[in-house]
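Chemist: What follows is each chain in one-letter form.
2 protein chains.
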Amino acid sequence: MSFGLHYLHTMIRVKDLDRALEFFNLLGLKEKRRKDVEAGRFTLVFLGDEITEAEVELTYNWDQTEEYTGGRNFGHLAYKVDNIYQLCDHLQKNGVDILRPPRDGHMAFIKSPDGISIELLQKGDALAPQEPWASMENQGSW
Amino acid sequence: MSFGLHYLHTMIRVKDLDRALEFFNLLGLKEKRRKDVEAGRFTLVFLGDEITEAEVELTYNWDQTEEYTGGRNFGHLAYKVDNIYQLCDHLQKNGVDILRPPRDGHMAFIKSPDGISIELLQKGDALAPQEPWASMENQGSW
Numbered sequence: 042m043s044f045g046l047h048y049l050h051t052m053i054r055v056k057d058l059d060r061a062l063e064f065f066n067l068l069g070l071k072e073k074r075r076k077d078v079e080a081g082r083f084t085l086v087f088l089g090d091e092i093t094e095a096e097v098e099l100t101y102n103w104d105q106t107e108e109y110t111g112g113r114n115f116g117h118l119a120y121k122v123d124n125i126y127q128l129c130d131h132l133q134k135n136g137v138d139i140l141r142p143p144r145d146g147h148m149a150f151i152k153s154p155d156g157i158s159i160e161l162l163q164k165g166d167a168l169a170p171q172e173p174w175a176s177m178e179n180q181g182s183w
Numbered sequence: 042m043s044f045g046l047h048y049l050h051t052m053i054r055v056k057d058l059d060r061a062l063e064f065f066n067l068l069g070l071k072e073k074r075r076k077d078v079e080a081g082r083f084t085l086v087f088l089g090d091e092i093t094e095a096e097v098e099l100t101y102n103w104d105q106t107e108e109y110t111g112g113r114n115f116g117h118l119a120y121k122v123d124n125i126y127q128l129c130d131h132l133q134k135n136g137v138d139i140l141r142p143p144r145d146g147h148m149a150f151i152k153s154p155d156g157i158s159i160e161l162l163q164k165g166d167a168l169a170p171q172e173p174w175a176s177m178e179n180q181g182s183w
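Line order of the protein sequences matches chains A and B. Quick note, our numbering runs 41 ahead of the 1-based positions in the first sequence. Quick note, our numbering runs 41 ahead of the 1-based positions in the second sequence.
All clues given are correct.
Any copy will do: because identical chains look the same in the list, a pair fits if it lies in one copy or spans two.
List time: in silico DSBU-like cross-link candidates among lysine-lysine, alpha-carbon distance up to 30 Å:
| # | residue 1 | residue 2 |
| --- | --- | --- |
| 1 | 56 | 73 |
| 2 | 71 | 134 |
| 3 | 134 | 152 |
| 4 | 71 | 152 |
| 5 | 164 | 76 |
| 6 | 164 | 73 |
| 7 | 56 | 152 |
| 8 | 164 | 71 |
| 9 | 76 | 152 |
It is worth saying that the hints were derived from the structure and are not from the lab.
Please put together the full structure from these sequences, using the hints given.
Modeler: In structure tokens form, the structure reads like this:
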């Protein structure tokens with residue numbers, strides 16, 4: 042039986058919308074549309090890449106004062122990238138910690154300001170090992 | 042600057058792989074590929090719909106004994122469906138609770154066995170209100 046299921050988005054909650062947007066913009070995700078809901082006192086922002094259809098929906102509750110916590114049932118969002126070293130360099134220069142550096146030229150992990158783990162994967166074959174990544178140690182958790 | 046970001050998947054952890062697969066199969070998601078990693082004692086299963094490219098990755102750790110808990114930073118996975126009433130009927134007949142019934146012919150929420158919230162949205166315009174959904178109350182949280 043087919044119900045024509047069609048993946049639309051993954052929703053995450055963000056405490057500070059500007060900070061979250063700055064982070065996702067560094068990755069190259071762009072705002073596609075936004076909805077301010079005065080009655081419910083929240084804003085929804087949909088972010089997309091230039092290639093795939095599925096989006097990330099940011100929910101910003103205007104009156105949220107506490108940090109959002111993470112759980113273990115949700116793992117991460119994963120993205121392929123053209124050149125994992127270039128992206129990690131760009132992220133690091135803009136203050137994002139590379140928690141699991143791409144020592145293998147293949148995989149890295151970072152976290153959003155709200156603790157959402159994000160996996161970055163090199164498109165195609167792994168790149169040749171390259172400093173400073175090859176000898177960079179893990180930090181934190183992801 | 043573009044890094045060619047390309048959404049691959051959302052990873053979730055599942056305590057009981059068979060139970061999780063049964064749930065996602067009811068939705069119409071199909072297993073695309075599987076990787077058993079004996080050394081790390083885990084299995085990865087990638088699930089896709091027939092329309093979009095982004096997948097759901099299930100991580101099954103063989104030695105996990107406790108239920109996975111949820112957090113607030115992750116919200117939900119969202120899918121469009123051809124007919125929200127038919128899918129909710131199919132789910133309910135197979136033991137899935139419709140936590141937020143599609144009273145408006147537009148939106149419903151369910152949860153996976155591991156507590157991952159899933160939003161179902163009617164494609165195109167909302168359907169006309171229809172029983173038993175129109176008068177069905179919410180239950181639990183999502």
